Amino acid sequence: MAMSVKSSDPLVNRHGLLARMRRGSTPYLLLAPTMVLLLVFLLYPLLSIGYFSLQQYNVSQPWDNGFIGLDNFRAMLADDLFWSSLVVTAKWVVVQVGLQLVFGLVLALIVNEAFRGRGLARAVLFSPWAVSGVLTTTIWLLLYNPAVGVNRYLADLGLGEYGTSLLASGDTAFWAAVLAELWRGVPFFTILILADLQSAPGELYEAAQVDGAGRIRRFWSITLPHLRNSIILATLLRGVWEFNNVDLLYTLTGGGPANATTTLPLYVARVAIDSKEFGYGSALTIAAFVILGLVTVLYLKLTNFGREPNE
Amino acid sequence: MKIVHSRKSRSAAIAAATALVLVPLAACGGGDGSGDADGVVEIQFWDTQATPARTESLNEIIDLFEAQNPDIRVSYVGLPSDSYEQKVDTAIATGSTPDVITASITDSANWVAQGALAPLDDRFEEGGWPDLISASMVETARSVVPDHQLYFAPDTGLANTMWLNLGILEAEGVAVPTTWDEFYDAAEQLTHPERNQFGYIFRGGAGMFPQVLDAMYGQSGVSSFFDDDGNSTLNDPRNVAALERYVGLFGNQTASADLTNEYTNMVAQFASGSGVLMNHNIGSYQDHVEALGAENVLGLQPFPSAGGPVTVSGATVLGQAMFAESEHPDEAWRFIEFFLAPEGNAIWAEQSGKIPSNLEVAEQDWIVEAQPLQAAIAALNDPATQVLREPFYLPEYNAIAKTQLEPMWQAVLQGDMTVQEFLDTAAAAYTEAEASYRERVS
Numbered sequence: 001m002a003m004s005v006k007s008s009d010p011l012v013n014r015h016g017l018l019a020r021m022r023r024g025s026t027p028y029l030l031l032a033p034t035m036v037l038l039l040v041f042l043l044y045p046l047l048s049i050g051y052f053s054l055q056q057y058n059v060s061q062p063w064d065n066g067f068i069g070l071d072n073f074r075a076m077l078a079d080d081l082f083w084s085s086l087v088v089t090a091k092w093v094v095v096q097v098g099l100q101l102v103f104g105l106v107l108a109l110i111v112n113e114a115f116r117g118r119g120l121a122r123a124v125l126f127s128p129w130a131v132s133g134v135l136t137t138t139i140w141l142l143l144y145n146p147a148v149g150v151n152r153y154l155a156d157l158g159l160g161e162y163g164t165s166l167l168a169s170g171d172t173a174f175w176a177a178v179l180a181e182l183w184r185g186v187p188f189f190t191i192l193i194l195a196d197l198q199s200a201p202g203e204l205y206e207a208a209q210v211d212g213a214g215r216i217r218r219f220w221s222i223t224l225p226h227l228r229n230s231i232i233l234a235t236l237l238r239g240v241w242e243f244n245n246v247d248l249l250y251t252l253t254g255g256g257p258a259n260a261t262t263t264l265p266l267y268v269a270r271v272a273i274d275s276k277e278f279g280y281g282s283a284l285t286i287a288a289f290v291i292l293g294l295v296t297v298l299y300l301k302l303t304n305f306g307r308e309p310n311e
Numbered sequence: 312m313k314i315v316h317s318r319k320s321r322s323a324a325i326a327a328a329t330a331l332v333l334v335p336l337a338a339c340g341g342g343d344g345s346g347d348a349d350g351v352v353e354i355q356f357w358d359t360q361a362t363p364a365r366t367e368s369l370n371e372i373i374d375l376f377e378a379q380n381p382d383i384r385v386s387y388v389g390l391p392s393d394s395y396e397q398k399v400d401t402a403i404a405t406g407s408t409p410d411v412i413t414a415s416i417t418d419s420a421n422w423v424a425q426g427a428l429a430p431l432d433d434r435f436e437e438g439g440w441p442d443l444i445s446a447s448m449v450e451t452a453r454s455v456v457p458d459h460q461l462y463f464a465p466d467t468g469l470a471n472t473m474w475l476n477l478g479i480l481e482a483e484g485v486a487v488p489t490t491w492d493e494f495y496d497a498a499e500q501l502t503h504p505e506r507n508q509f510g511y512i513f514r515g516g517a518g519m520f521p522q523v524l525d526a527m528y529g530q531s532g533v534s535s536f537f538d539d540d541g542n543s544t545l546n547d548p549r550n551v552a553a554l555e556r557y558v559g560l561f562g563n564q565t566a567s568a569d570l571t572n573e574y575t576n577m578v579a580q581f582a583s584g585s586g587v588l589m590n591h592n593i594g595s596y597q598d599h600v601e602a603l604g605a606e607n608v609l610g611l612q613p614f615p616s617a618g619g620p621v622t623v624s625g626a627t628v629l630g631q632a633m634f635a636e637s638e639h640p641d642e643a644w645r646f647i648e649f650f651l652a653p654e655g656n657a658i659w660a661e662q663s664g665k666i667p668s669n670l671e672v673a674e675q676d677w678i679v680e681a682q683p684l685q686a687a688i689a690a691l692n693d694p695a696t697q698v699l700r701e702p703f704y705l706p707e708y709n710a711i712a713k714t715q716l717e718p719m720w721q722a723v724l725q726g727d728m729t730v731q732e733f734l735d736t737a738a739a740a741y742t743e744a745e746a747s748y749r750e751r752v753s
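Going down the list, the protein sequences come from chains A and B.
Sequential numbering of the first sequence, starting at 1, is according to the working numbering.
Sequential numbering of the second sequence, starting at 312, is according to the working numbering.
Check before you lean on any hint, since a few could be wrong.
As the list claims (entries may be wrong) - Not everything, but these chain B residues come out facing chain A in the computed CB check (under 7 Å):
#1 Ala710
#2 Pro718
#3 Thr729
#4 Gln731
If you're looking for bench data, these hints aren't it; they were derived computationally from the structure.
None of the values given here were measured: they were computed from a predicted structure.
Beta carbons: idealized from backbone N, C-alpha and C, even for Gly.
Here chain A stands alone, though its shape is the one from the complex (with noise of 0.2 Å):
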């Protein structure tokens, strides 16, 4: 058992004493650096965006600035283009992160298989996530381009007309969006899915292939389990960064032709931005956030993350 012997000696006692506090002052120290970069760039500009959320605040009409309660958030609860907005923004994030999903677990479910220029697949398939998001709206924009895009060159072979782009019309802009985003989007999820079944149990593989369950039933009952909880997290995160979605659409579509791709992160940007409004911006801004937050809340809620299927 080990005993502390208590010097009699005061210096010795204060050297003691100093000793400990630096030991104590340590971690605080060295967590310093991160807590001031936490609190000016996370805690000010919140706090920061829920004052000028109560704020008519407008650079190029000064006058007009000053407190004026809530109501930012009450022209905003009459605004359609915030409602609008919205719906684009919901419908963006489920499809974009429905669809990425199910083609990033067959990407993984396919390069995990052993096969001849397995690496090569991987590293294909990998690739669109080292791109830059104003890397792939450019190469994309060229794609969508009436005079130097796919849609010139099929009309020169007789399909289609002279003169069209995808992202010209409201019918057809979102979902030409979709599929920029979803190039960049997919090897997200592949790589995710595909690390996770690496530590796939092989010998829960083995028992079952004995008792005769066949791919199929392996997959419902070994891999989708296994995989369960990296699923819920990549869809959540995935789910967060769509919502938050501005370069691609904002560089891609501009969140046009008339508001047909306008989200609302796109709309806050286009009302700080373009109108100067940072007072009902910032409104728009916590609205999001608290959106947001509710919804993923709910989602872990109910999708029990972190926890066994059966707890």
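Chain A is already provided as a structure; the job is to place chain B on it using the hints.
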């Protein structure tokens, strides 16, 4: 190797880590563009419409200026035209504005409202510029701010122009139109969708409003944006009829992809010959000449309206402004003056394809021989011409066009909204803005 763990080294490591985090933060602060040890003053210059060609021209001007002013160094920053407003507004809010910025009548009301620009009247007078620079351009520059002071020194002007690919017109035996009826006929005759050729290029996307105004007021002959009571004339029945006829071009004499068209695509369509007629300001002249050759490019001003007069819109004035926070206002003004003086003004106007403000430069051979520039100058100088003055003094003028009207315009083109509904909404928005402006200045 022996690793020694001591409290001293641990504290040092923590200090180093903290410093590593904080140093980049401090570095983000940037410099203030002040003078350096050799006595050379550095001024910051932002270009709000940066393109490779403009950057090249401006660098040429900067080189010349620096050669003649060895005590001043100009640091150039090019901002893209579609995002400069956000960057400038942020700079104003954070007190990190440059010394000089390219400005126009579309920007100055917003920046003046924020108290960001320095008035240049005294310097302009003292430099003797009132006798050397186009008085109408100076007056236009003053007219867009409530206090009628001069917040940017006008160096060039723009006018909306109808561009024609003359080579295609001649090849197809179509005469150059001289009336609005002939224009519509020509657009129809020049349309051959089966071989990817459309008579007219529509602007359905970003920056659509000037093209709409040009076609609408040019045809209707309505002469002012507001009537005497401050009601917008946008939904005047003559304008509604004119715009309905113009919208009829879309999808028939234009590519359907024009629904989202903006400047870059329009110029590319014109250059490739897939579009033959187009409305755009005179600033794209050099692009057309480079693509098609000067002999194949013709620039026309609006045809007379049904009622008689020619009505032009989009008569824009551009120049250089100085920020009030500039630490080197004298040096900044010397740089601005270089754009007004014959040498700099000629380079800038010729290379950017604009109308020079310097009266001496306006008589140089290159501008006399440039047909589209001459057509614009002749129309603007003709006393019979009606010039539609857009209310750029309204701080919300651009925002209404961009955020409200642009999506609605696309709805009109897709048949989801009528022209009347579109113009009623637009007129209501501008009438309200005008009313609050009048109340404020009164």
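Against the structure, the hints:
1. Ala710: At 4 Å from the nearest chain A Cβ, Ala710 (chain B) passes the 7 Å test, so the hint holds.
2. Pro718: holds, 5 Å
3. Thr729: Violated: closest Cβ of chain A sits about 14 Å from Thr729 (chain B), beyond 7 Å.
4. Gln731: violated, 17 Å
Going through the hint list in order, the structure does not satisfy hints 3, 4.
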